Amino acid sequence: MKEKILAKEKLTSFLDELLKTYRVVAPVSSGNYSLYRTLEHGDDICLDYLRPMKSAKEIFFPQNEPLFYFNKRTNKVVEPPEGEKSTVLFGVTPCDLAGIAAQDRILSSGTFKDSYYVRRRSQSILIGIACPIPGETCFCNVFDIDRFASDITDLFFIPLKDLYLIRVNTEQGEKLVENLREAKEADLREAERLAAQPAEFKEAIMPLALEELSHLLTEEFESPIWDDIARKCIGCAACTFVCPTCHCFDITDEMRRDIGLRSRTWDGCMFPMFTLHASGHNPRTNATQRIRQRILHKFAYFKDNQGIISCTGCGRCVEVCPVNVDIRQILKYLSETLKEATKK
Amino acid sequence: MMDYQTEIRRKSAELLKNKEVAMVIGYGAASLPNRTTPIFIAKPEEADKLVFNQFCTNNLSVYLLRLKEIGRLAIVAKPCDVRTIVCLIQEKQIERQQVHIISFACPGVKDSDGKLPYVCANCLVTKPPIYDTLIGDGRDVKQAEDFVDNVKEFFSRLPQERWEMFKAEIAKCIRCYACRNACPMCYCKECFVERALPRWIGEGAELTDTMIFHIVRAIHVAGRCGECGACVRACPMGVNLAPIAKKIQEDMLNLFQHQAGLDPEAPAALSMFELDDYNDFIK
Amino acid sequence: MAFLCNWCSYAGADLAGIGRYQYPPNVRVIRVPCSGRVDPLHILKALQNGADGVLVSGCHPGDCHYLEGNYFARRKFAVLKNMLEFIGLEEGRVQFSWVSAAEGERFSQVIKEVTESIKRLGPAKKLVKSLDIPNEILSEICGEAKA
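Chains as they are written, first to last, in my numbering: chain A, 75 to 418; chain B, 298 to 580; chain C, 1318 to 1464.
Please keep in mind that the hints were generated in silico from the structure rather than gathered at the bench. This one's a predicted model, so the numbers in the text were calculated from it and none came from an experiment. A virtual CB, placed ideally from N, CA and C, is assigned to each residue, including glycine. Don't take each hint at face value.
As the list claims (entries may be wrong) - Covered stretches of chain C (chain B as the covering partner; in silico rule of three or more C-beta atoms under 8 Å from a C-beta of chain B):
(1) 1352 to 1363
(2) 1379 to 1393
Claimed, not checked - In silico negatives: residues of chain B with every beta carbon more than 12 Å from chain C:
(3) TYR301
(4) LYS308
(5) ALA310
(6) ASN315
(7) LEU362
(8) LEU364
(9) ASN447
(10) LYS469
(11) TYR484
(12) LEU559
Produce the entire structure from the sequences given, and follow the hints as far as they go.
Written as structure tokens, this is what we have:
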């Protein structure tokens, strides 16, 4: 489908036009960072920050999701209403798009799909945005994430000097930009030049390829290196909640006399109670076990089960961790230590 | 400040070599600019990893309880951190002789944005109440700098405005519990938020639940808070917890003439009483 | 909601009943062993579940059945009350009193005053948690299930 262009100064009116038909979610300023929020007007949008503080996962996988309402006495169960307006999710960064792709594997693929996630996901139109300059903590290059294109978006905006080049990937996306001008050769060349520019990532690529790392991680399950890594972690869920791929949840009921609500809420494997059994047994009682689980899950088990690594290199966890637990350093340290171990 | 670093490294190496301590908890170089990170030194030759600069912001006493089983610990602690250590000793979580406190007269630290934190600008104790090793000459050093007093601003508003401000701050909270986990005084094996029978507050980020979490946590640290600012600093969403934390500690001082962690002999404000305590508010 | 300590305030309420002292029926009493048992969480939970006001009442200082419970309570309540007013909750939603077992008439008086002041404040809205059940679903849920 033909590429289109949109002058940067026309962005807000483009969004205002979308707002007539759709609910539009885009990065909005909130204090000294931005968050993905529903727009009231096109000019609410804020693209000043590298990426929103929280990932896009909360649009399809909200922190509080009502599952159903029930009457304990009569056993009546009612599901939440469907049919919201369709949602246009605009300005999703490549790392967050990769996060959505990872969440899709768990929640909307295979035999058992999560109907709540599927409903939100199928009712939305994804518009990605390119990321020309990586941030201080970014390491998406390790996962070969394309910062200038995406195959799960309907549209993909690439910011050039005064305008956006829009790659059109689906018919659904095409409908939204049918009135925009087609891109010229010069615009396409400029976008290619931009994408070809070398980008500076602060931490170097890891010495061991991710393939080998996943394989070796599980072999070193009993290694004392996990104690070293876990020692400074304080066990909060800051990393978990800002992560685009983390998807652990809990289900709780809340009652008002006979009427109740069952909800799904975000949970984190970093909390001690996460694995507490009803019997009182807890397979992961200390921080070492929990950190090991987090890293193995993201870089080994998920790779084995789903074929991709459950990390997009967005760097939010590095940014928000109160004690500077840096996954880039950990991966480097692990691959070097494991390399030594395999040599022996 | 550079002298402090050399001295801290020297002392740590000495303590480890003489086997006076099994581990030194201190600050090391972080992977990000304008930050330091907690490090744990067990061998004297590793002492050079310790750094000391204006970005030594973390309250390291949060690690004392889980590491005390290793043996005697040395800890690099700012005076506000020492306050929390004193509170931990008072609450019998750790014994005085189990910890070797390396402290100093503190001119205040800098957050990663380069600004002086609220707690430093309003610091009550620039010299450590107790210590084993004093780095520097212990004389008061204070740098007056630009900071935003967002607490006084809060205090000066009318109740309805305060409610709106409080609601707006709490709305940012994602219930990650970084504030609770960064706080050395929050060491309960089961926090009230985790209790399911009865369930005091729900999971997820419902607003009234989150408000209650913050109000009750502030009350749980009443008279025990060392005003180190670890909670505010840990928050990934920038929730400003300083006003409610400060209000509680001010009440401790105004109503009960007590400040946490300054006097190892003085019991915590809420674990004692006087016969003539403030009573006017009771019918 | 009124949290009344078993030995003094609850007995005082009982005496009010025996003495036929009238007081408004808006109060729901919860008996606790001592005013010191009352946790800020109890009070906040009551507010969150829709109580327009909370009263906590115990023995007069010096008269506590457990000797010191109400002294500790006094400090805790001062902290909680100041905190709630600080964040902007209306002054008077949460109140405290010392009522002894012999003060039947006084108990009815306290309840009258507290009820009046809370009525003046109007229904509580600030800390109230709603399950946010959409109206049409609520009516469906509350209807009878088909056999």
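Verification of the hints:
1. By the rule of at least three residues with a Cβ nearer than 8 Å to a Cβ of chain B, the coverage given for the segment 1352 to 1363 of chain C holds, with 4 such residues.
2. Remark: the segment 1379 to 1393 of chain C is confirmed as covered by chain B, as 7 of its residues place a Cβ nearer than 8 Å to a Cβ of that chain, reaching the required three.
3. No Cβ of chain C comes within 12 Å of the Cβ of B/TYR301; the nearest lies about 38 Å off, and the non-interface call holds.
4. Residue placement check: B/LYS308 keeps its beta carbon more than 12 Å from all beta carbons of chain C (closest about 40 Å).
5. The non-interface label for B/ALA310 is consistent with chain C: the shortest C-beta to C-beta separation is roughly 45 Å, beyond 12 Å.
6. With a cut of 12 Å on Cβ distances, B/ASN315 stays outside the contact zone with chain C, its closest approach being about 45 Å.
7. At the 12 Å boundary, the C-beta of B/LEU362 stays outside the reach of chain C, the nearest C-beta of that chain being 24 Å off.
8. The beta carbon of B/LEU364 sits about 31 Å from the closest Cβ of chain C, which is more than 12 Å, so the claim that it is off the interface holds.
9. No Cβ of chain C comes within 12 Å of the Cβ of B/ASN447; the nearest lies about 14 Å off, and the non-interface call holds.
10. Here B/LYS469 stays apart from chain C, with its beta-carbon at least about 15 Å from theirs, past the 12 Å limit.
11. The beta carbon of B/TYR484 sits about 19 Å from the closest Cβ of chain C, which is more than 12 Å, so the claim that it is off the interface holds.
12. Its beta-carbon lying about 19 Å from the closest one in chain C, B/LEU559 satisfies the requirement of being farther than 12 Å from that chain.
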